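2 protein chains.
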Amino acid sequence: MLSTIHDVSTQVGQEVTLRGWLHNRRSSGKIHFLIVRDGTGFIQAVMSKAVIGDEAFARAGHLSQETSLSITGTVRADARAKGGYEIDVAGIEVHGEAHDYPITPKEHGVDFLLDRRHLWIRAERQTAILRVRHEVIDAVRDFFNSRGFILCDTPVFTPAACEGTTTLFPVQYFEETTAYLTQSGQLYNEANAMALGKVYCFGPTFRAEKSKTRRHLTEFWMVEPEMAYADLNDVIALAEGLIASVVARVLDRRAAELRLLERDTAKLEAVTTPFPRITYDEAARILREKGQPFEYGTDLGGTDETVLSEHFDRPVCVTHYPGSVKAFYMKPDPEQPDKALCVDVLAPEGYGEIIGGGQRLDDFDLLLQRIREHGLPEEAFQWYLDLRRYGTVPHGGFGMGIERCVAWICKLEHVRETIPYPRMLYRLYP
Amino acid sequence: MLSTIHDVSTQVGQEVTLRGWLHNRRSSGKIHFLIVRDGTGFIQAVMSKAVIGDEAFARAGHLSQETSLSITGTVRADARAKGGYEIDVAGIEVHGEAHDYPITPKEHGVDFLLDRRHLWIRAERQTAILRVRHEVIDAVRDFFNSRGFILCDTPVFTPAACEGTTTLFPVQYFEETTAYLTQSGQLYNEANAMALGKVYCFGPTFRAEKSKTRRHLTEFWMVEPEMAYADLNDVIALAEGLIASVVARVLDRRAAELRLLERDTAKLEAVTTPFPRITYDEAARILREKGQPFEYGTDLGGTDETVLSEHFDRPVCVTHYPGSVKAFYMKPDPEQPDKALCVDVLAPEGYGEIIGGGQRLDDFDLLLQRIREHGLPEEAFQWYLDLRRYGTVPHGGFGMGIERCVAWICKLEHVRETIPYPRMLYRLYP
Numbered sequence: 001m002l003s004t005i006h007d008v009s010t011q012v013g014q015e016v017t018l019r020g021w022l023h024n025r026r027s028s029g030k031i032h033f034l035i036v037r038d039g040t041g042f043i044q045a046v047m048s049k050a051v052i053g054d055e056a057f058a059r060a061g062h063l064s065q066e067t068s069l070s071i072t073g074t075v076r077a078d079a080r081a082k083g084g085y086e087i088d089v090a091g092i093e094v095h096g097e098a099h100d101y102p103i104t105p106k107e108h109g110v111d112f113l114l115d116r117r118h119l120w121i122r123a124e125r126q127t128a129i130l131r132v133r134h135e136v137i138d139a140v141r142d143f144f145n146s147r148g149f150i151l152c153d154t155p156v157f158t159p160a161a162c163e164g165t166t167t168l169f170p171v172q173y174f175e176e177t178t179a180y181l182t183q184s185g186q187l188y189n190e191a192n193a194m195a196l197g198k199v200y201c202f203g204p205t206f207r208a209e210k211s212k213t214r215r216h217l218t219e220f221w222m223v224e225p226e227m228a229y230a231d232l233n234d235v236i237a238l239a240e241g242l243i244a245s246v247v248a249r250v251l252d253r254r255a256a257e258l259r260l261l262e263r264d265t266a267k268l269e270a271v272t273t274p275f276p277r278i279t280y281d282e283a284a285r286i287l288r289e290k291g292q293p294f295e296y297g298t299d300l301g302g303t304d305e306t307v308l309s310e311h312f313d314r315p316v317c318v319t320h321y322p323g324s325v326k327a328f329y330m331k332p333d334p335e336q337p338d339k340a341l342c343v344d345v346l347a348p349e350g351y352g353e354i355i356g357g358g359q360r361l362d363d364f365d366l367l368l369q370r371i372r373e374h375g376l377p378e379e380a381f382q383w384y385l386d387l388r389r390y391g392t393v394p395h396g397g398f399g400m401g402i403e404r405c406v407a408w409i410c411k412l413e414h415v416r417e418t419i420p421y422p423r424m425l426y427r428l429y430p
Numbered sequence: 001m002l003s004t005i006h007d008v009s010t011q012v013g014q015e016v017t018l019r020g021w022l023h024n025r026r027s028s029g030k031i032h033f034l035i036v037r038d039g040t041g042f043i044q045a046v047m048s049k050a051v052i053g054d055e056a057f058a059r060a061g062h063l064s065q066e067t068s069l070s071i072t073g074t075v076r077a078d079a080r081a082k083g084g085y086e087i088d089v090a091g092i093e094v095h096g097e098a099h100d101y102p103i104t105p106k107e108h109g110v111d112f113l114l115d116r117r118h119l120w121i122r123a124e125r126q127t128a129i130l131r132v133r134h135e136v137i138d139a140v141r142d143f144f145n146s147r148g149f150i151l152c153d154t155p156v157f158t159p160a161a162c163e164g165t166t167t168l169f170p171v172q173y174f175e176e177t178t179a180y181l182t183q184s185g186q187l188y189n190e191a192n193a194m195a196l197g198k199v200y201c202f203g204p205t206f207r208a209e210k211s212k213t214r215r216h217l218t219e220f221w222m223v224e225p226e227m228a229y230a231d232l233n234d235v236i237a238l239a240e241g242l243i244a245s246v247v248a249r250v251l252d253r254r255a256a257e258l259r260l261l262e263r264d265t266a267k268l269e270a271v272t273t274p275f276p277r278i279t280y281d282e283a284a285r286i287l288r289e290k291g292q293p294f295e296y297g298t299d300l301g302g303t304d305e306t307v308l309s310e311h312f313d314r315p316v317c318v319t320h321y322p323g324s325v326k327a328f329y330m331k332p333d334p335e336q337p338d339k340a341l342c343v344d345v346l347a348p349e350g351y352g353e354i355i356g357g358g359q360r361l362d363d364f365d366l367l368l369q370r371i372r373e374h375g376l377p378e379e380a381f382q383w384y385l386d387l388r389r390y391g392t393v394p395h396g397g398f399g400m401g402i403e404r405c406v407a408w409i410c411k412l413e414h415v416r417e418t419i420p421y422p423r424m425l426y427r428l429y430p
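Taken in sequence, the protein lines are chains A and B.
Mapping of the first sequence onto my numbering: position 61 corresponds to residue 61, and the numbering continues sequentially without gaps.
Mapping of the second sequence onto my numbering: position 275 corresponds to residue 275, and the numbering continues sequentially without gaps.
Hint data in this document are derived by calculation from the structure and do not stem from the laboratory.
Treat the hints with caution; some may be incorrect.
Note that identical chains are pooled: a pair holds if it fits in a single copy or bridges any two copies.
Here are the simulated DMTMM-like pairs of lysine to aspartate or glutamate, each with C-alpha atoms no more than 25 Å apart in a straight line [said to hold, decoys possible]:
| no. | residue 1 | residue 2 |
| --- | --- | --- |
| 1 | Lys-290 | Glu-176 |
| 2 | Lys-411 | Asp-252 |
| 3 | Lys-49 | Asp-333 |
| 4 | Lys-326 | Glu-378 |
| 5 | Lys-210 | Glu-175 |
| 6 | Lys-210 | Glu-413 |
| 7 | Lys-290 | Asp-142 |
| 8 | Lys-212 | Glu-176 |
| 9 | Lys-30 | Glu-124 |
| 10 | Lys-210 | Glu-176 |
| 11 | Lys-30 | Asp-281 |
| 12 | Lys-212 | Glu-175 |
| 13 | Lys-339 | Asp-365 |
| 14 | Lys-82 | Glu-15 |
| 15 | Lys-82 | Asp-252 |
| 16 | Lys-49 | Asp-252 |
| 17 | Lys-49 | Asp-88 |
| 18 | Lys-290 | Glu-413 |
All of these numbers come straight from a predicted model, not from anything done at the bench.
Take the sequences, apply the hints, and build the full model.
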């Protein structure tokens with residue numbers, strides 16, 4: 001019976017055929033221990049010379065790492081086995097050989113591995129991270145879909161440089177036009193929310209940032225919900241609910257992967273709502289108390305975020321930044337107009353910002369004034385101004401970066417392992 | 001109680017507050033009939049002068065289309081009402097006015113509407129299409145996720161022009177490098193399948209095609225599954241299952257939207273597996289019999305596909321095209337090496353290709369030969385060749401275009417209405 005390693009737990013005592021690749025092999029005279037992987041998991045296949053015959057046994061002694069093969073054998077429960085099961089091999093068929101597979105069990109440098117990312121993703125640790133990523137994305141979609149949000153894909157090609165061109169990738173759009181790759185679907189999301197009430201977009205976004213930090217990719221995935229008739233509190237509640245829901249889902253369905261990654265799950269189990277909420281002013285005070293050099297009035301830097309996020313045992317919501325450090329479309333707090341009705345959510349354990357959002361400026365005159373103050377091309381924003389011309393409503397939303405979220409949940413050093421083919425300043429291959 | 005139009009069916013006799021926009025208004029002396037939309041639906045709100053008072057009634061007589069407002073009133077079931085319910089208004093609050101909303105109930109040309117796409121999506125028909133799109137995408141994801149496929153996002157930035165540069169969008173990638181926007185995640189998918197067994201990618205793809213047909217966008221979404229240890233029959237079975245599953249889901253969950261779009265659902269109910277399967281040779285014979293001028297040996301054109309897809313009452317799988325009209329990575333049929341182990345699925349009712357895929361060439365030597373024959377840059381394909389160097393296995397998959405799928409299910413004239421912000425040869429705004 002054709003099966004997968006994932007399914008053998010229900011097939012103890014049965015003969016199954018698994019199709020996969022040889023991950024590792026060791027031999028002890030009359031027995032080969034083959035570690036086989038098939039994409040759903042890893043399992044040890046025990047091949048005895050007595051069962052398989054001298055000739056087949058000798059051939060198997062030459063199988064090298066990443067050879068593709070099918071093994072047929074009987075599933076046996078074994079408490080000592082990593083996954084709890086082993087296969088007693090009755091037959092083996094080789095499909096494709098693999099000579100001198102470059103990624104060996106020894107340590108390799110990260111550049112060596114990134115150059116071979118198309119092979120590196122076969123490693124047990126990498127497949128675990130990618131499965132967590134899959135789960136995070138699925139949890140995000142289920143969260144929004146079950147709450148009546150409509151997925152509205154926003155365009156990658158955008159006509160105007162919305163927030164300054166320094167971090168935009170320009171594209172020649174046929175002969176005459178320059179398009180820019182989207183940095184955020186938010187402005188379009190706002191239009192979509194006026195049509196469908198609660199919406200989200202979820203796609204790749206692009207930043208031509210030259211920074212080489214462990215939190216930056218030039219191409220990354222972002223989910224951005226937007227709600228009509230919503231204020232800052234609604235936005236914060238949605239952000240809290242999303243993060244708690246995603247973490248709970250990964251804990252529930254990817255326990256094996258988290259174990260493999262040696263993740264301390266107690267830290268994740270602490271991620272329950274409500275999250276602590278502090279204002280920018282309070283954040284500044286905490287930073288001062290901790291001796292972090294911080295100039296009041298500026299944006300929080302990466303290190304500031306790290307310090308703050310280490311101060312709390314769960315994600316923390318930082319609200320009411322100075323309007324001057326936030327985007328032109330942020331609504332000012334009516335009670336303190338120099339502060340914006342915004343929120344950044346910082347992940348704990350030093351991971352920093354994973355969500356940024358807030359309530360949008362819904363007043364036509366003030367929005368136009370802001371566009372002018374920021375020196376933005378007024379013509380390009382006419383459609384955006386239309387949203388305030390024709391039935392404006394209070395509304396808000398946020399963006400959550402998937403790679404930062406996965407890096408935090410898996411507790412990785414760098415976001416580059418959270419996506420199959422990371423794109424960075426000097427990294428476009430494979 | 002705050003509610004939505006979608007939820008009033010469970011709130012008959014209760015007083016609710018709905019927050020939305022005025023879609024239309026007509027008055028008859030002492031009663032205003034306000035059609036209100038809130039993103040979840042449309043409902044008629046009946047405002048009587050006797051209840052609301054003279055002053056408020058007079059003010060409401062000046063409300064214009066797309067004014068944002070809250071209405072409070074009692075839900076009443078009414079069999080004559082479009083959605084089955086009405087609201088008897090007790091109070092009204094206006095949030096934002098809307099003067100001279102440009103999209104009136106009269107007919108507008110499509111360019112006029114596309115220039116105002118950020119507003120056009122508020123129309124009842126457009127929201128219905130976008131909800132069907134949402135459902136199609138959700139059904140696709142559920143289909144793959146429930147079958148053990150792992151989502152593996154493939155990069156938008158790709159290093160080399162894989163299949164000729166004529167339809168690629170080049171991007172300046174920092175100072176020294178040119179990147180190309182992905183046309184397909186397939187090659188990366190193949191690497192991912194060797195790591196995770198069954199995978200899919202689902203993201204925007206880009207074609208710089210100058211063709212202005214009803215089937216083309218420059219930016220469109222495609223889902224691409226790929227399976228290790230799979231042959232052409234597995235690929236066809238997966239494609240059939242996916243399409244049948246998506247159609248059944250839309251029929252089940254978006255009946256109201258299909259009704260609004262006046263879709264003949266009997267045609268969709270006929271979409272059950274197995275689908276008819278014909279070879280390219282049989283397709284050529286059908287085209288000849290129907291008097292369609294068709295040169296044997298060439299690819300099927302748009303009109304050919306239309307003719308074929310009108311010949312069947314459900315999607316039809318066309319297999320075994322000449323290898324010469326298909327991509328270099330297609331596996332030749334061992335029994336007729338000039339034919340490829342490929343499949344295109346044509347949607348019925350004249351919609352043509354929605355899926356293209358097949359079994360991939362898994363032999364290192366033959367793949368290298370093909371790369372050379374096609375004059376492709378060998379160096380750029382070294383990583384792809386690695387997949388045949390290190391444990392090659394039979395594998396295959398396909399790509400399904402979301403917009404074409406939605407256009408067919410909704411029976412639209414043109415794919416441009418299937419995505420919030422269509423990008424075409426002369427269309428980059430808004």
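Exercise. Which numbered hints are broken by the structure, listed smallest first?
Worked result: Per hint list: 1, 3, 7, 9, 11, 16 violated.
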